[in-house]
Amino acid sequence: MGRVLSAKNVTLAGAAAVLIVAGLLPLGVMGAKSLGHYGPVLSNARNWKLLANSLLLAGSTTAVAALAGVPLAILFGKTNLPFRRLFAVLFSLPLLLPPYVLAVGWFQVLGSSWLFGLPGCILVLASCYMPVVMLLTMVYLRTVNPALEEAGRLSANGWRVLTGISLPLAAPGVILSLLLVFLLTLGEFGATTFLRFDVFPVASFTQFSAFYDFGAATAAAMPLVAITLAGLLVERRFLHGKTFAFRWAAPAESSRIRLRALGPLLLLAVLAAMAVALPLSAIFWRGASPRALGDAFHRAGDSALRSLLYAVTAATILTPLGFLLSYLIHRRALPGWRLLDALGLFLFTLPGTVLGIGLIVLWNRPATNWIYTTPLIVIAGFIAQYTALSTRLMLAGLSQVPVAMEEAAELSGAGWVRRIWRILAPLCRGSIGAAWIVTCLFCLRDSSLPLLLAPPGLDTLTARTMTLMANGAPDLIAALCILLVAVTALPLAALAFVWRRRA
Amino acid sequence: MRRRIRLPVLLAGLLASAGCGARRSTTVVVYVSEDQVFSEPILKDFEKETGIRVRAVYDTEEAKSTGVMNRLLAEKNNPQADVYWANEPIRAGLLRQQGISTPYSPGNAKGIPSQFKDPQGYWTGFSARARLLVVSKTAAHKPAGLQAYLDPRWRGRAVIANPLFGTTTAQMAALFSLWGDQKAKQFLAGLRANQVKLSTGNGESADLVASGAFDFSLVDSDDAVSRARQGRPIEIVYPDQGEDGAGVFLIPNAVVLIKGGANTENGKKLMDYLVSEETERKLAAADCAQIPLHPGVPTPPEIKPVDRIKTMKVDYAEIAARLTAIQPVLKEWVGY
Amino acid sequence: MTSLEFRRVSKRYGDRAVVSDLSFQIQAGERVVLHGPSGCGKTTVLRLLAGFLAPDEGAVLIDGTQVAAQGKVWVEPEHRRLGMVFQDLALWPHLTVYENLEFGLKAAGLPSDARRARIEDTLARVRLSECAQAYPTRLSGGQQQRVAVARALATRPLALLMDEPLSNLDDELQDELCDQILDLHAQLGFTLVYVTHSKEEMRRIAARAIRIGFSR
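From first to last, the protein sequence lines stand for chains A, B and C. Counting in the working numbering, the first sequence runs from 1 upward without gaps. Counting in the working numbering, the second sequence runs from 1001 upward without gaps. Counting in the working numbering, the third sequence runs from 2001 upward without gaps.
Hints listed in this document are in silico derivations from the structure and should not be mistaken for laboratory results. In this text, a Cβ means the ideal position worked out from N, Cα and C, and glycines have one as well. There could be a bad hint or two in this list.
As the list claims (entries may be wrong) - The following label-pair restraints were derived from C-beta to C-beta distances:
hint : chain 1 : residue 1 : chain 2 : residue 2 : range
1    : A       : TRP159    : C       : SER2140   : 32 to 38 angstroms
2    : A       : PRO290    : B       : TRP1179   : 52 to 58 angstroms
3    : C       : THR2137   : A       : LEU233    : 21 to 27 angstroms
4    : C       : SER2112   : A       : LEU339    : 21 to 27 angstroms
5    : B       : LYS1183   : A       : GLY36     : 30 to 36 angstroms
6    : A       : LEU229    : B       : ASN1078   : 31 to 37 angstroms
7    : C       : TYR2013   : A       : ARG422    : 41 to 47 angstroms
8    : A       : TRP159    : C       : THR2137   : 47 to 53 angstroms
9    : A       : GLY415    : C       : LEU2188   : 53 to 59 angstroms
10   : A       : VAL498    : C       : ALA2124   : 31 to 37 angstroms
11   : A       : LEU334    : C       : GLN2133   : 54 to 60 angstroms
12   : A       : LEU5      : B       : LYS1044   : 55 to 61 angstroms
13   : B       : GLU1265   : A       : ARG422    : 32 to 38 angstroms
Claimed, not checked - Here are the simulated SDA-like pairs of lysine to any residue, each with C-alpha atoms no more than 20 angstroms apart in a straight line:
hint : chain 1 : residue 1 : chain 2 : residue 2
14   : B       : LYS1310   : B       : LYS1048
15   : B       : LYS1048   : A       : TRP416
16   : B       : LYS1331   : A       : GLY39
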């Protein structure tokens, strides 16, 4: 099957090497430090209690996010609701803010203590992550072949077609989104600390902040990682053999459901709207004064620009990297493909602090100052943490393209590079765009890596917002939230512009 | 066409400018644990007055102000910071133990009482917070000192912040240093026995008392002052002021010079600036209402000047040493 | 009796007219082939009949009732009592053959016993009884084709619309399936509207042919 040193093998091995250097090496550094700390972590009764708390929170949050997100996805993706696209964008806004910021924002708006404890945590985190469920469900509903829905419409109404055909076919996307929400909630500790609900990541965090014990902190992060990997195994088993040939298509107008038929759904959506939109709009209301906005811009305008720069750079690296790795995994092109997939997912769920310390210890030496003392270190962190995201998204896209497409190009004499560039990449346009924008957004909203890694004076907007939150004026913090959302809108607009020009 | 060129050039420029930040003589790198809202204006003034560019890394409340400390420790082998502006002097001791700091005694700190300076110059204190009792106006009895925590009259009515974090850790270490291990451990056991509520931080403690849910709590002076300014029903009690009382525990800010930083000379200039009367005046007037240590600098109206408070006589270096030693005790006490 | 009727129907996509001022009548039980060059709007005619599209002008009638006119669908597809075999079959991959047939019967509110009887009867008619529990992706092309026909007929529609159903099969299978469709038509007596561009299929299926021309 070709030479060992073919362009294909070299390129793919290069992509694998990027992930290994960015992610595996710092992981190794931390792993070595953690040896000998596992006994105390595992034998500590309080840790098990915290773990149970974490699972309870993650499970409830996922359930609430699903109960709100799926109906909203149907409402915005499958009905003739006026302004449905605008609504979808509005409901995605909480995702753009770090949960801690959102939690503090809610508290400042509501100013009451009922927010504290488990219910408040569920409310804040579910409103923060509900858009993940909503957006992925919408995307996957769109990939369902319209003929399949029309075939159902001949004998059943839109609602029945939706529940019997469209939703089951979109199930892989819904399940993926639920898994993501579960994992993101599981690793969250900023918002939960603020809302006074003890969760497992606190165990790792305490090792960092009270004892400066990096090894113990890493060991304490491992049970979370184990749960994550278990979750992924379940996902894989559940979805095994259930991936169908999807295709991107304009949604069939005939399968749009008339709103009249959707009384209960509408009610649910209104409830979700109140839970999500009211507090958020209150934050915006508070921060939207020219004075607060001016102050926010004055204090954090440069950080906003850097946020954008880091995120766009990272996403632009992550997208081709994810494409190559997904190719490697999908075609099983190199030995060890399974390990690469697992490594990426492992890194995705590792707490940012653990990864960050590993990166510092690895790269902070005179010889590599050019990485550590520049924003490159932040970008390395983003690559390590988010490669799984772009890889998984690209994998979904790649598996929709029949292998025969590439084989046909091969038979016509095209080399591997040309096949990738001229055939596969254009066919995967949709998921390339999706991978770029999703990784870009995740980098934009990340706070733990920039807080730990950004060189002095070169922080990001999330980091700046969080450092200014310590005793900062509520109006300023609200205005910073607005700035954060505004900055996020820029890459979205850029992508929309590119897509529109192509179409 | 022009638009197409602009963005990449801008991006490249920004990346490059980050790379050449190391022009030695004109910058200083400072890691800051004092809240950015209060510290940044001071650093901006320093930039304006000296022309030295300050590149700062700030801390978050989310990480209980320990983020930059983690960073300093992780960067030990190739230090990036020149100066560490800590919001308490205890961690300065930890940095010294780890060989991360180096001595320097700023000339501007001459007027600051020696109690608030490391004799060898590993850290220099300025603008302090005091550990005060915030007491609910609705409380049936007013506490006078820390022993109230053990008094059955306040059984289940008192709050203290989690001693694993922040200034409460320092306070515990101070008590261990002042009383010795046995009495301090008895105090901890007494807190449990008297059903003292554990909060996640001093801010929460102050709120719990201000809402009337609890009678009193030991908090930082800025937490007490901010509640008073909001008009909440609380009063401030200076604990243990009696003849044989131990006095109020003061926690000054501290500046530390980092060993092996790239801009040590500028770092020293910044340290001199930070411990000056001028900086203390600004921090007293700001919302953080910190207590100046230079005699004669005006104090925030809600707070007594330092020379009218009986302060706890403690050796911060010893507290630092105690801090590490008592961690297992605190950890066990909290239940981690 | 007139089963299906177009009255001066026009349909545009953007500014491209696909169907222009088309009128025809199809009698109940009749076998009709719609033919014409590729892209002439044959599929659009079926989609207008099925109710997936509304005519911009003119009216569509089923059994003498106006079901769509002047840009509005008045009777939803599920109330038109039509069956359709799609060009790419559109079998639901997440359901077994049995469940594919059952979907429409459930929607019609048939009790479980009646559903079972109907499905078994329909599958027997297309000689697929042994495949009931298989997923459609596991079946051969010809078998999938027959599942699609069975699914469309399970609800016992008044009319069966077929959109180039045999275009992907080899000659022998095409022959066999043509016979089968004619058999089913004879047994069940539905109106058959069959779209094809194949002369051979037209010759075999059509009792009558309607030519759909370019309309520009």
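So, going through the hints one by one against the coordinates:
{"no.": "1", "hint": "A:TRP159 <-> C:SER2140: 32 to 38 angstroms", "in the structure": "holds, 34 angstroms"}
{"no.": "2", "hint": "A:PRO290 <-> B:TRP1179: 52 to 58 angstroms", "in the structure": "holds, 55 angstroms"}
{"no.": "3", "hint": "C:THR2137 <-> A:LEU233: 21 to 27 angstroms", "in the structure": "holds, 25 angstroms"}
{"no.": "4", "hint": "C:SER2112 <-> A:LEU339: 21 to 27 angstroms", "in the structure": "violated, 49 angstroms"}
{"no.": "5", "hint": "B:LYS1183 <-> A:GLY36: 30 to 36 angstroms", "in the structure": "holds, 34 angstroms"}
{"no.": "6", "hint": "A:LEU229 <-> B:ASN1078: 31 to 37 angstroms", "in the structure": "holds, 34 angstroms"}
{"no.": "7", "hint": "C:TYR2013 <-> A:ARG422: 41 to 47 angstroms", "in the structure": "violated, 30 angstroms"}
{"no.": "8", "hint": "A:TRP159 <-> C:THR2137: 47 to 53 angstroms", "in the structure": "violated, 26 angstroms"}
{"no.": "9", "hint": "A:GLY415 <-> C:LEU2188: 53 to 59 angstroms", "in the structure": "holds, 56 angstroms"}
{"no.": "10", "hint": "A:VAL498 <-> C:ALA2124: 31 to 37 angstroms", "in the structure": "violated, 55 angstroms"}
{"no.": "11", "hint": "A:LEU334 <-> C:GLN2133: 54 to 60 angstroms", "in the structure": "violated, 40 angstroms"}
{"no.": "12", "hint": "A:LEU5 <-> B:LYS1044: 55 to 61 angstroms", "in the structure": "holds, 56 angstroms"}
{"no.": "13", "hint": "B:GLU1265 <-> A:ARG422: 32 to 38 angstroms", "in the structure": "violated, 59 angstroms"}
{"no.": "14", "hint": "B:LYS1310 <-> B:LYS1048", "in the structure": "violated, 38 angstroms"}
{"no.": "15", "hint": "B:LYS1048 <-> A:TRP416", "in the structure": "violated, 58 angstroms"}
{"no.": "16", "hint": "B:LYS1331 <-> A:GLY39", "in the structure": "holds, 17 angstroms"}
This entry does not satisfy hints 4, 7, 8, 10, 11, 13, 14, 15, going by the numbered hints stated previously.
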